[in-house]
Structures are given as structure tokens and as C-alpha cells.
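> The primary structure of each chain is shown beneath.
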Amino acid sequence: MFTDLGHLSVIFALIACLYAAVVSPLGAQRNDDRLVQSGRLAALMTFPLVLIGCLGLWYALLTHDFGVKYVADVSSLATPIFFRITALWGSQNGSILFWCLIMSAFVAAAMVRDWDAAGDKPLLPYVTMTMALVLGFFLFLELFLANAFLRSDFPPQDGRGLNPLLRHPGMIIHPPMLYAGYTGLLVPFAFCIASLITRRSDDLWLRSSRRWTLVGWAFLTAGLLLGGRWAHDVLGWGGYWGWDPSENKPLITWLIATPFLHSAMIQEKRGMFKNWNVFLMMLTFASMFFGTAFIRSGLLTSVHAFAASDIGPFFMGAMIVILAACAMLWLTRLDVLRSENKLDSAFSREGIFLIQNVLFLSTSFTVFIGTIFPILSEAIGGTKITVGPPFFDQTAGPQMAALVALMGMAPLLAWGKSSGAAVSRQMIVPAAFALVVMIALFVGGANQPIPLLLFGLCAYTLAQTVMEYVRGVRARMRGGNESVPVALVRLAQKNQRRYGGYLVHLGVVLMAIGVIGKGFYGQDTITTPAVKLNESFTVGDYTFTYRGIRPVPCEFNDCQTMQAMLLISSAGDGRILGAAFPYRDYYPMQQHTATIPDISGTFNNEVYVILAGWDNNGATASFQVFINPLINWIWVGGVVMILGFFVCFWKVPEREPAAAPITARRPAPAGAPAK
Amino acid sequence: MIFAKTLRALICALLGILMLGWLTANVAYAQAPAPDEETYRIAKQLNCPTCAGRNLADCPTETCAQWKAEIKAQLDQGKSAQEVLDYFQTRFGPTVLQEPPKSGATAPLWAAPVGAAIVFLIGAGLVMWRTSQRNPPAAPSTPQSEGEDPFVAALEREVRQSE
Amino acid sequence: MKSKPLIIAGALAAIAVIAGVFVIALNLVAQQGARPAVGSPAPDFTLKLYPGYRAGLPEEIRLSDLRGNVVVMNFWASWCVECYKEADALEAVYRKYKDRGVIFLGIDYLDTEAPALAYLQQYNITYPNGIDLQQQIARAYRITGVPETFFIDRDGIVRDVVIAPLTEAQLSARIDKMLAD
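If you read the sequences in order, they're chains L, A and C.
At position 498 of the first sequence (counting the first as 1) the number is 498 in my numbering, and the numbers step up by one without a gap.
At position 111 of the second sequence (counting the first as 1) the number is 111 in my numbering, and the numbers step up by one without a gap.
At position 67 of the third sequence (counting the first as 1) the number is 67 in my numbering, and the numbers step up by one without a gap.
Take the hints with a grain of salt, since some may be wrong.
Calculated cross-link-like contacts (lysine-lysine; reagent style DSS-like; alpha-carbon spacing at most 27 Å) [as the list claims (entries may be wrong)]:
#  : chain 1 : residue 1 : chain 2 : residue 2
1  : L       : K384      : A       : K44
2  : A       : K102      : A       : K79
3  : C       : K48       : A       : K79
4  : L       : K121      : L       : K651
5  : A       : K72       : C       : K48
6  : C       : K85       : C       : K96
7  : L       : K494      : A       : K79
8  : C       : K98       : C       : K85
9  : A       : K102      : L       : K384
10 : L       : K532      : A       : K102
Far from chain C, by Cβ distances over 10 Å, these chain A residues were calculated [unchecked claim]:
#  : residue
11 : A69
12 : G93
13 : L121
In short, the hints are calculated from the structure, not lab data.
By construction, the Cβ of each residue, glycine as well, lies at the ideal position given by its N, Cα and C atoms.
Please model the entire structure based on the sequences and the hints provided.
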């Protein structure tokens with residue numbers, strides 16, 4: 001009964017969306033604020049309504065109501081309570097409902113915000129309309145093409161159980177993070193559309209939605225990182241990224257949202273590139289929509305393959321409508337969006353941001369073309385080509401390296417025009433540091449030219465970014481009597497976006513170090529022929545001795561586990577270093593085997609062991625071993641990136657009126673707080 | 001003109017980085033430390049026939065074991081790695097390769113990123129040129145203070161101004 | 001603005017491209033679902049036969065060359081555990097009907113030569129078997145795995161599709177029906 005109530009609630013949410021989408025712009029046209037507020041309230045109500053819907057489905061899950069088809073698909077009597085809750089987004093239909101929940105949360109948050117104080121009331125009706133339309137689309141999709149509330153005529157006694165791959169913490173939190181990232185980016189898009197519709201030529205939409213963009217971007221980043229961590233811990237591939245279509249889709253969106261974050265700064269500081277920002281925002285949204293469409297309609301088989309359903313044509317139609325509407329809207333506003341300033345010099349922050357933007361876009365395009373090429377090749381030529389990691393490593397890799405290089409250049413360039421001499425002077429110390437690092441690495445044995453160069457690049461950018469903090473702290477200390485820590489904190493407080501941004505850059509460099517280490521110095525092998533009991537084999541600096549295999553109790557009650565034991569010793573001197581216990585979970589219900597690696601080793605040298613197979617009750621076994629140098633820097637870098645986000649985002653209480661932007665050519669709008 | 005020179009220099013430098021990256025990425029691949037087993041290395045370049053998105057080397061199924069045995073058998077016969085890969089491609093189609101061939105039908109796939117990067121960079125250059133032509137040149141934005149590094153001076157001004 | 005027509009053209013082109021991609025892609029998905037239905041003509045193909053498993057046929061045969069015969073097409077693989085169950089039945093029924101204008105074709109799917117030949121030897125198979133080069137036959141018949149068996153009558157029409165191992169009785173019943181027409 002509660003579940004059906006939930007279903008009804010979601011229907012009401014759709015009605016509320018349609019109402020808001022019609023009434024708000026109507027109110028704007030007729031200058032009737034009551035209509036606008038009514039629409040706003042309706043949009044706000046979508047969140048509690050969708051929440052009730054989710055609660056209804058959760059109720060069905062928690063009470064084992066297998067009459068609901070979805071519940072039978074994603075849970076069983078054996079599923080523990082915690083997983084019954086997370087099973088809500090375990091499969092297609094439920095995950096669309098969950099997506100709607102998160103989207104409606106953002107819609108409600110946008111509606112609840114104090115529009116009067118923010119000074120952007122004129123945009124409200126159209127922000128409401130846009131968000132309501134998009135949310136309405138997904139609610140419609142859920143209710144009519146992917147209904148999680150469908151009941152079956154003959155309820156089974158027991159369900160199928162949750163997909164074993166989804167029973168890992170990384171996989172549980174990864175979809176909510178990604179969904180929050182995607183839906184968070186809906187807010188700036190709505191502001192953009194609203195600004196276009198109201199024929200505004202200023203950067204109000206950028207300033208108002210700036211924090212939302214940051215939030216969406218941060219969630220997307222976190223989602224990507226968590227996905228990588230999950231793949232590493234549970235999928236047993238020895239790596240963290242497989243260039244799988246469903247991994248590439250959020251990456252493509254991220255590669256468009258990140259340059260947008262940067263170029264938005266150009267518009268705010270110098271009133272330039274307005275058209276470009278509109279284009280980037282629309283492209284971000286398009287990539288989000290297109291990505292969701294691709295994955296959910298099952299067009300490309302991937303590691304997380306959702307079942308193919310009829311939602312493909314529906315998405316396609318919506319995509320065309322959205323693209324046409326956006327294009328029309330933008331093209332009719334081109335003259336309104338002329339730049340206020342000219343580009344003084346390419347050798348400036350604007351210049352390098354533009355180059356960075358196009359580099360990000362070309363990387364994004366590279367990943368995109370690699371992802372859709374198999375479909376294109378099959379449609380045009382008949383043969384299905386597989387585009388595996390080697391393609392992406394060789395094409396996207398160098399572009400990303402170039403972006404790291406740009407990160408090390410950009411802080412040196414000022415707005416407007418930079419002096420070549422001053423910039424070169426500031427490069428001396430980091431370049432010297434990079435050289436020292438490269439020499440040290442070379443002497444230490446790293447003699448391959450490419451990774452050496454790349455490490456040098458990372459060292460340079462790292463030093464450059466740290467120097468930014470040093471310079472800032474020194475400048476502060478020259479002005480007052482502050483100690484270094486206090487100066488550092490005050491520096492960050494007064495220039496949150498800049499120094500938070502530099503922290504994110506720092507995180508990126510740390511990740512790059514991990515990527516280079518694992519990518520160029522990783523070793524992996526498989527034991528052929530299989531290893532006999534008490535026999536040893538060597539990989540890199542480690543010797544592994546196979547000690548046996550035995551069944552152990554499985555984590556869940558619907559699987560069987562076989563666990564192997566290996567002794568790890570140093571290949572050089574035979575010192576015992578530890579033991580490895582890789583195992584295999586077999587789930588008879590889903591006919592699925594999960595290969596869980598044993599991860600050990602030192603921080604800088606990860607030892608990753610997989611049980612590949614066994615014979616004769618364990619008389620022989622075969623193992624796949626990966627040595628992953630520096631891979632942990634990827635996770636450290638990721639955490640630093642998120643810390644950087646918090647530095648940018650955290651609202652510092654203002655004691656004095658907000659400062660004007662530093663080198664702005666235009667006075668700051670009166671009364672607008674730095675939001 | 002100084003502008004034209006710096007613009008050119010910047011674009012050349014970036015193209016240089018990109019080109020260097022592209023050329024050397026292939027070299028890097030050849031120089032990556034190879035695991036002991038040649039079979040394993042070749043298997044890594046093939047796709048698992050029965051699972052989606054995994055390479056042959058990582059795959060534990062019976063089919064994959066047979067394919068790996070075939071690779072080993074051919075290597076023992078003295079075939080080269082390329083010959084083994086060609087055999088698999090002829091027998092099972094190009095879908096079995098992890099890396100699409102750089103020539104033939106998949107050449108556009110490899111050309112696309114390079115092409116896109118070049119086109120985009122040229123586009124950026126054009127945009128920069130056009131936006132610089134729009135208005136008469138304005139006064140330099142960072143007035144220099146005497147005897148001080150203009151960069152640090154600007155930074156100090158920024159820091160003080162934000163208090 | 002001077003560049004407006006260009007931008008409009010570009011935008012429309014982009015939309016057309018994306019729409020085109022989607023149409024193509026969805027077409028593919030639709031295609032992937034449609035297997036040669038019972039009653040429709042069997043797609044023609046070329047099969048390269050294994051040495052020793054030609055049963056008097058040329059090295060490369062086309063399905064259309066066999067018109068006038070009843071054809072039983074069986075997709076199999078040496079790693080396919082379910083296929084072991086029907087191997088004996090297939091060979092036995094083949095021998096029973098081979099002088100009555102019934103041809104069995106074994107189509108080896110995703111298999112390497114040595115294990116395939118070993119499998120054929122193990123089950124004493126004598127009917128024609130060949131490798132499905134580049135998986136073209138498998139794709140044309142939209143098979144979802146192995147074993148799959150297609151029954152094609154004398155006029156080249158698909159009369160039955162079975163996605164499971166078959167027994168002698170089941171095979172004989174279907175062949176008798178096609179021979180009776």
C-alpha cells in the first residue's frame with residue numbers, strides 16, 4: 001500500500017513539474033509575480049513528492065515485497081538490510097527514480113534560495129521552467145518506460161539478489177556521487193537558459209550559479225574517483241580505469257565542465273568570451289544528457305550494462321529537441337553577447353585559458369570518438385571494431401600531459417597582458433626543481449625518457465603551484481605581523497577561489513604521478529604453467545610461494561568463497577614480507593564469479609594478487625600478479641582535489657563589505673555579495 | 001608586432017608539446033617493461049571473446065585458455081608477435097584486437113584526435129586574433145612600480161586590496 | 001553579424017550529425033534483436049571447411065549451393081560444455097539421413113583450430129565442419145551463443161531454430177517434417 005502511495009506521489013511530482021514549467025514563464029510574460037511564485041512552489045514540491053516515491057520503493061525493498069518486479073530483481077531474502085536500501089539504485093528502473101530524487105533535491109534547493117537577496121529575480125521564472133522541464137522528462141521516463149513500481153502477476157517466493165558487483169562501498173556511493181554531479185550541473189544550465197531567454201548581456205547567470213557549478217563539478221570528480229577505486233578493489237583487473245564506455249561518459253562531461261569553470265572566470269573578470277561560455281554550458285549539459293541516454297538505452301555493451309529497453313528512441317527525440325532549442329536560443333542572442341573587452345595579448349591569462357579550453361575539448365572529443373567508434377564502424381562498415389585502452393592511452397594521454405604543463409604556466413600570467421621577462425623569472429625555481437628531480441630519478445634507475453620527462457613536468461607544475469602559496473604568504477607577511485600558518489590561512493580565506501583552485505591543481509599533479517608510475521612502471525604477469533603447492537614464482541622484486549587453497553565463509557549468504565594463501569618474500573634476500581589471500585566468490589543465483597584481489601605492498605609499491613584459477617582441489621593454482629608503483633598517489637591526489645574544492649566553496653563569514661574583483665575593468669555590481 | 005610574435009610562439013610551443021607527446025607515446029609503449037611471458041603480452045593486445053571489455057590476458061575462462069594455448073603454440077612454431085595477431089584478426093575479425101589498426105578502415109579513428117586538436121587550436125588562434133582586432137588597444141593593465149618585480153608587485157597589490 | 005549564417009549552418013550540421021548517429025545506432029540495436037525468423041529465407045554465407053571434414057564438398061561452400069537439400073546448421077565450439085551433450089546425437093542423425101539429401105553443417109564459433117579438430121575427432125564427427133571466419137555467419141544469424149541449430153528446408157527457408165542441445169528424436173522429428181514437404 002505504501003509502495004503504491006509512493007507511485008502515486010511520483011505521478012504528482014510529474015504533474016507539479018508540468019505545472020511549474022507552464023505557469024512560471026506565463027507569470028513572467030504577464031508580469032504576475034503570484035504565478036511565478038506558484039510555479040516556484042510547485043517545483044519545490046517535487047522533492048518531497050519524489051522522496052515519498054523513493055520511500056515507497058524502499059518500503060517494498062525492506063519488507064521483501066517481491067510482488068514488485070524491481071524488488072525481485074535486485075534483492076532476495078538473503079540480502080542484508082543495508083544492501084536492501086542501496087539496492088534502490090541497483091538496477092535501471094530504480095536508479096532512474098534515484099536520479100530523479102537527487103535532481104529534485106537540486107531543483108528544490110534552487111527554488112528555496114533567497115532570490116531577492118541574490119538580486120537575480122528576473123531569472124527565476126525561466127530557471128524554474130528549465131529545471132521543471134528536465135526533471136519532468138526524467139520523471140516521465142521513469143513512470144512510463146522504466147517503471148520501478150510495476151507489479152508482477154505471480155510474485156516469486158524469493159528474489160534474485162543484488163548484483164554481487166554492487167555490494168562494495170565504492171560501488172554504493174559512486175552512483176549517488178555521479179548523479180549529484182550530473183544533476184548539479186543542471187542548475188548553471190538553467191541559469192544560462194534563463195539569461196538567454198531574458199536577453200541579458202551580463203554575467204549574472206555565471207555569478208549566481210557559480211557555486212552550483214562548483215558543487216556539481218566536485219561531485220562528478222568524486223564520482224569518477226570512487227568509480228576508479230571500486231574498479232581497482234573489486235573488479236580484479238589490476239587497474240583503476242578501463243576506458244569502458246560507461247566510465248568514459250562521465251569523463252567526457254568532466255572534461256567539458258572543467259574548462260567551463262575556468263573560462264567562466266574570464267567572463268567575470270574581463271567580460272569576454274560570453275558566447276563561448278554559453279556554448280560550453282550547453283555542451284556540458286548535452287554531454288550529460290547524451291551520456292545518460294547512451295548508457296541507459298544499452299547501445300554500447302559495457303561492464304555495467306543495463307538492459308536494453310525502449311528508452312533509446314525516447315531519449316533521441318528529446319536530445320534533438322533540446323539541441324534545436326538551445327541552438328535557436330543561442331543563435332538569436334549572439335549580438336547580445338558581444339565581448340566587452342578586447343584580448344590585449346595572447347600571452348595572458350585569457351590567452352592561456354583559451355588554449356586550455358580547446359585542449360580540454362579536444363581531449364573530450366578524443367574520448368568521445370573512441371567511445372562511439374565501435375557503433376559507427378558497425379553501422380557503416382559492418383565490422384565491429386573494438387577500441388580498447390591502447391587507443392586512449394596513446395591519444396588522450398599526451399593531451400592530458402599537455403594540460404598538466406599548462407597548469408604550470410597559467411598562474412604566472414596576469415589578466416590582460418604579461419611581461420615575458422617577469423614570467424620567465426618566475427619559472428626559474430620550479431624549472432630548476434624539475435631538473436633536480438629528473439636527475440635524481442635518472443640516477444636512481446629510471447632511465448626511460450618518456451616517464452622521466454613526464455615526472456619532470458609534474459615536478460615543475462608541483463613546484464610552480466607551491467611557489468604560488470609561498471609568494472602569497474610572503475606578500476602577506478611583508479604587509480603585517482603574521483606567522484606563516486596564520487598568513488597561509490588568511491591568504492586562503494581572502495582568496496578562496498584562487499588558492500582552493502591551486503590546491504585542486506596540486507591534487508591533479510599528485511594523481512598524474514600515480515598515473516605515470518602505474519602506467520609506465522607497472523608490471524604484471526600470469527603464472528603459466530600453473531603453480532604447484534609450495535612452489536614459488538617471482539614477479540619484480542617479490543617472490544610468491546603458493547601455500548594452498550581452502551573454502552572460507554562468504555561475506556554474504558548467497559555465495560561460496562575459495563581463498564588462496566601465498567607467502568610473499570623479497571626476491572633479493574628471501575626475507576618474508578607478508579602473506580596474500582586473494583579469493584573468488586561464486587554466486588550461484590546470478591551465475592557470477594567475483595575475483596577479489598589481495599592488495600598489499602608498501603605505499604609506493606602496490607602488490608596486487610588475483611587468484612586466476614585452480615585445479616585438482618588446489619594441487620595447482622594460477623595467479624595473476626600486478627606490481628603497481630605509485631598508484632596510491634592517485635587516491636591521495638583525489639583527496640587533495642576534494643580538499644581544494646572545500647577551500648573554494650566554504651563560505652567564509654564576511655566581516656567587511658565584499659571586495660571588488662581585483663583587475664576588473666568594470667565596477668562590481670552594487671550590493672552583490674561574493675557568492 | 002609583439003602580439004603576433006607571442007601568439008605565434010605560444011601556439012607553436014603548444015603544438016610542439018602535443019606533437020612531442022604523440023610521437024613519443026608510441027615509443028613509450030614499445031619501451032614499457034615487458035612481463036616475462038610473451039604469450040601474456042600478446043594476449044593483452046587481444047580481446048576476451050566471451051566477456052565484454054576485458055582483454056584476453058585477464059580472462060580466466062576455458063575459451064580464453066584455449067586461445068592463449070594457440071598463441072603459445074604459434075610462438076613455439078617461430079611466428080612473430082605480429083603474425084600471431086594477424087592470424088587472430090583474420091580468423092575472428094578486427095573486433096578481437098584491443099588496439100584498432102592504424103591504417104585502413106580505422107585510420108580516421110586515429111586521425112580524428114590529431115585533427116581535432118589542430119582544428120581547435122587554429123580556431124583558438126583565430127578567435128584570439130579576432131577579439132584582439134575589435135577595439136583600439138587600451139593602456140597596459142599592470143602599471144609597474146619602481147625597482148620591483150612587476151609580478152610580485154601585482155600580487156602584493158591583489159593581496160592587500162582584498163583585505 | 002557576418003558569421004551568423006555560418007554559425008547557423010554549423011549548428012544545423014551538428015544536429016544532423018548527432019541525429020544521424022542516433023538513428024544509425026538505434027537501427028543497430030533493432031537489428032541486433034531480429035534473428036532470421038522461422039519462415040524467412042536463410043541468409044547466404046560462405047563456409048571454409050576444415051581439412052578432413054568436407055564430406056565430398058569443395059573447400060569453400062556457399063549455402064545457396066546446397067539448395068535442394070535439407071540443411072541442418074549447428075553452431076558449436078570446443079569450449080562449449082552444452083555442445084558435448086548433443087555431439088553424438090548430431091553425428092548419429094547425420095549418418096542416418098545422409099543419403100536422403102540431408103546435409104549437416106557444423107559452424108565453429110570463436111574457436112582455435114587445434115582444440116576444434118580435437119573435439120571433432122573425439123566425437124567421431126564426419127559431417128562437414130568449418131570455421132566461421134570473422135564471425136560473419138554468426139552475425140548474419142544473430143546467434144546469442146552456442147549451441148544453436150537452424151533447420152533449413154530444400155528451398156532455403158528457415159523452418160526452425162533451437163537454442164539448446166538437441167536429442168536424436170528431436171532432430172529426426174524436424175528433419176522428417178522437412179523431408180515430407
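> For which of the previously enumerated hints does the structure constitute a violation, in increasing order of number?
7, 10, 11, 12
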